[in-house]
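If you read the sequences in order, they're chains A and B.
Residues in the first sequence are numbered consecutively from 7, following my numbering.
Residues in the second sequence are numbered consecutively from 7, following my numbering.
Check the hints yourself; a few may be wrong.
No distinction is drawn between identical chains; accordingly, a pair holds when it is met within one copy or between any pair of copies.
[As the list claims (entries may be wrong)] Here are the computed lysine-lysine pairs in the BS3-like style, where the Cα-Cα straight-line distance is at most 30 Å:
#, residue 1, residue 2
1, Lys94, Lys8
2, Lys194, Lys276
3, Lys202, Lys94
4, Lys56, Lys8
5, Lys265, Lys168
6, Lys41, Lys56
7, Lys194, Lys94
No lab work stands behind these hints: they were computed from the structure.
Number of protein chains: 2
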Amino acid sequence: MKRSDRLVAMTNYLVEHPMELVSLPFFSNLYDSAKSSISEDLAIVNKSFKQQGIGYLLSVSGAAGGVKYIPDYSIENSEAFVQELCDKLEDPSRLLPGGYLFMSDLLGEPATVRNIGRLFATVFSDKEIDVVVTVATKGIPLAYAVASFLNVPVVIVRRDPKVTEGSTVSINYVSGSSKKIQTMVLPKRSLNEGTKVCIIDDFMKAGGTINGIKELLAEFNAHVSGIGVLAEAEDDEEERVVDQYISLVQITNVDVKNKQIEVHKGNFFK
Amino acid sequence: MKRSDRLVAMTNYLVEHPMELVSLPFFSNLYDSAKSSISEDLAIVNKSFKQQGIGYLLSVSGAAGGVKYIPDYSIENSEAFVQELCDKLEDPSRLLPGGYLFMSDLLGEPATVRNIGRLFATVFSDKEIDVVVTVATKGIPLAYAVASFLNVPVVIVRRDPKVTEGSTVSINYVSGSSKKIQTMVLPKRSLNEGTKVCIIDDFMKAGGTINGIKELLAEFNAHVSGIGVLAEAEDDEEERVVDQYISLVQITNVDVKNKQIEVHKGNFFK
Chain A
7 MKRSDRLVAM TNYLVEHPME LVSLPFFSNL YDSAKSSISE DLAIVNKSFK
57 QQGIGYLLSV SGAAGGVKYI PDYSIENSEA FVQELCDKLE DPSRLLPGGY
107 LFMSDLLGEP ATVRNIGRLF ATVFSDKEID VVVTVATKGI PLAYAVASFL
157 NVPVVIVRRD PKVTEGSTVS INYVSGSSKK IQTMVLPKRS LNEGTKVCII
207 DDFMKAGGTI NGIKELLAEF NAHVSGIGVL AEAEDDEEER VVDQYISLVQ
257 ITNVDVKNKQ IEVHKGNFFK
Chain B
7 MKRSDRLVAM TNYLVEHPME LVSLPFFSNL YDSAKSSISE DLAIVNKSFK
57 QQGIGYLLSV SGAAGGVKYI PDYSIENSEA FVQELCDKLE DPSRLLPGGY
107 LFMSDLLGEP ATVRNIGRLF ATVFSDKEID VVVTVATKGI PLAYAVASFL
157 NVPVVIVRRD PKVTEGSTVS INYVSGSSKK IQTMVLPKRS LNEGTKVCII
207 DDFMKAGGTI NGIKELLAEF NAHVSGIGVL AEAEDDEEER VVDQYISLVQ
257 ITNVDVKNKQ IEVHKGNFFK
């Protein structure tokens with residue numbers, strides 16, 4: 007295969023298999039080319055990925071070595087994307103009764119969701135995450151986006167058991183802001199002991215939901231290695247029950263009467 | 007920019023922007039290269055995409071012309087993928103009480119979900135779909151996968167209204183197999199008049215849920231241009247209330263007593 011053809015095929019292969027160690031002999035066989043040529047190709051791909059700000063190729067040396075595509079969204083790309091998100095979220099027509107914000111349209115755009123996934127993957131790619139956990143339903147697309155860049159499965163916590171899940175483990179927890187007792191369930195066969203998880207959700211206020219997920223995960227002896235929320239709402243710090251998390255945007259000064267919202271960059275940028 | 011660098015960058019750009027018309031001057035400016043060179047690059051990319059069986063570049067001529075990446079999964083790739091899926095689903099340990107099948111693990115794998123999306127996008131790419139519609143919760147990841155290849159937004163039908171959705175339109179419908187009355191809601195601002203939608207879901211038995219979605223969509227004067235379900239279960243044809251749909255796999259002969267299931271390729275291959 008010619009270099010030009012190899013570069014297109016290899017780029018595709020690597021972006022479809024992030025965080026996966028690919029050996030040089032694998033590419034060498036697949037494209038029927040010398041290992042030295044493959045090495046040169048990979049250097050070109052690496053340079054281009056870095057220039058585009060979408061990550062880099064990590065070389066692992068030794069007999070079991072190869073390359074791994076690490077998604078790593080550049081700070082310029084990340085800031086531009088999140089700034090645009092903030093501007094869109096500040097639109098007063100998003101304000102709903104009770105000070106809630108309509109975000110379903112943005113969360114319905116695959117490209118937006120994919121970029122959110124890219125940002126969280128950038129933060130969590132060195133945490134050796136085994137599974138991304140979220141709670142139904144708004145967090146689901148975000149969790150899949152993160153998982154696709156970390157190349158790990160998604161496990162979905164539900165509010166109520168479904169027959170198609172088989173036997174489940176459930177907990178009751180107290181929601182952070184409304185102080186109501188709620189239930190969460192997870193299929194028994196969904197997680198192994200000692201799994202390293204990252205929790206992804208769309209929105210956090212006091213953090214009761216995230217805390218509930220953490221309690222449920224404790225039943226599986228899973229280890230929470232990261233927490234990412236798209237938006238955090240301003241709240242009394244005293245009330246917040248979760249302290250270690252990454253947010254992309256912060257919603258402050260929701261003024262329903264005068265139809266105003268302020269949306270700033272989250273602690274991702276700190 | 008050198009050809010080798012351009013090929014990597016262009017491949018990335020095109021796979022991230024499927025179904026989107028990109029003009030030659032756009033690439034020419036972005037990569038600071040002559041239009042003739044860009045044309046040659048695109049021919050190389052097109053050849054490689056076809057060889058990999060992941061689609062092709064459609065050339066649109068004229069002043070407003072350019073190229074469009076059309077995801078088109080080859081029949082070989084599709085058959086290999088669906089056969090593997092059938093083999094995995096036939097595992098008797100998936101059988102749950104009531105003859106249901108545990109699929110959450112497979113639907114939790116981003117790569118599997120992405121391939122399912124690719125297959126449906128291959129069928130629906132010429133239908134000028136504006137929006138992918140699904141119902142919470144299992145269909146959500148599949149809908150996003152399809153939508154990411156069709157480059158259109160996702161709209162999620164719910165069983166119960168949520169405050170974060172704003173005002174909603176709701177209908178009551180009769181589920182196909184259990185004959186129970188159920189409710190479905192969609193935010194009022196989620197769909198415009200005359201939108202062309204494709205409906206995606208994970209599972210269909212008699213088709214009551216799909217039919218419910220269709221009724222709800224009729225309230226928005228939306229046009230259903232395609233229906234795709236991952237798995238259809240054998241059922242009396244008389245009872246089936248939906249007739250035009252694409253399925254990837256068919257589940258037959260569920261024998262709970264003897265712990266056996268048969269899973270075949272769906273009507274996608276007919």
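Hints versus structure:
1. For a Cα distance limit of 30 Å, the shortest separation of Lys94 from Lys8 qualifies neither inside one copy, at 45 Å, nor across copies, at 37 Å.
2. Taking CA atoms no more than 30 Å apart as the test, Lys194 paired with Lys276 passes in neither setting, with 37 Å inside one copy and 38 Å between copies.
3. In this homomeric assembly, Lys202 and Lys94 come within 30 Å of each other (Cα to Cα) only across copies, at 25 Å, whereas the closest approach inside a single copy is 34 Å.
4. For a Cα distance limit of 30 Å, the shortest separation of Lys56 from Lys8 qualifies both inside one copy, at 23 Å, and across copies, at 15 Å.
5. Proximity of Lys265 to Lys168 under the C-alpha cut-off of 30 Å is restricted to the inter-copy arrangement: shortest distance 21 Å between copies versus 40 Å within a copy.
6. In this assembly of identical chains, Lys41 and Lys56 lie within 30 Å of each other by CA distance both inside one copy and across copies; the values are 23 Å within and 25 Å between.
7. When the C-alpha separation of Lys194 and Lys94 is checked against a cutoff of 30 Å, the pair qualifies only between copies, where the shortest distance is 19 Å, while the shortest distance within a copy is 40 Å.
Checked against the numbered hints above, the structure breaks hints 1 and 2 and satisfies the rest.
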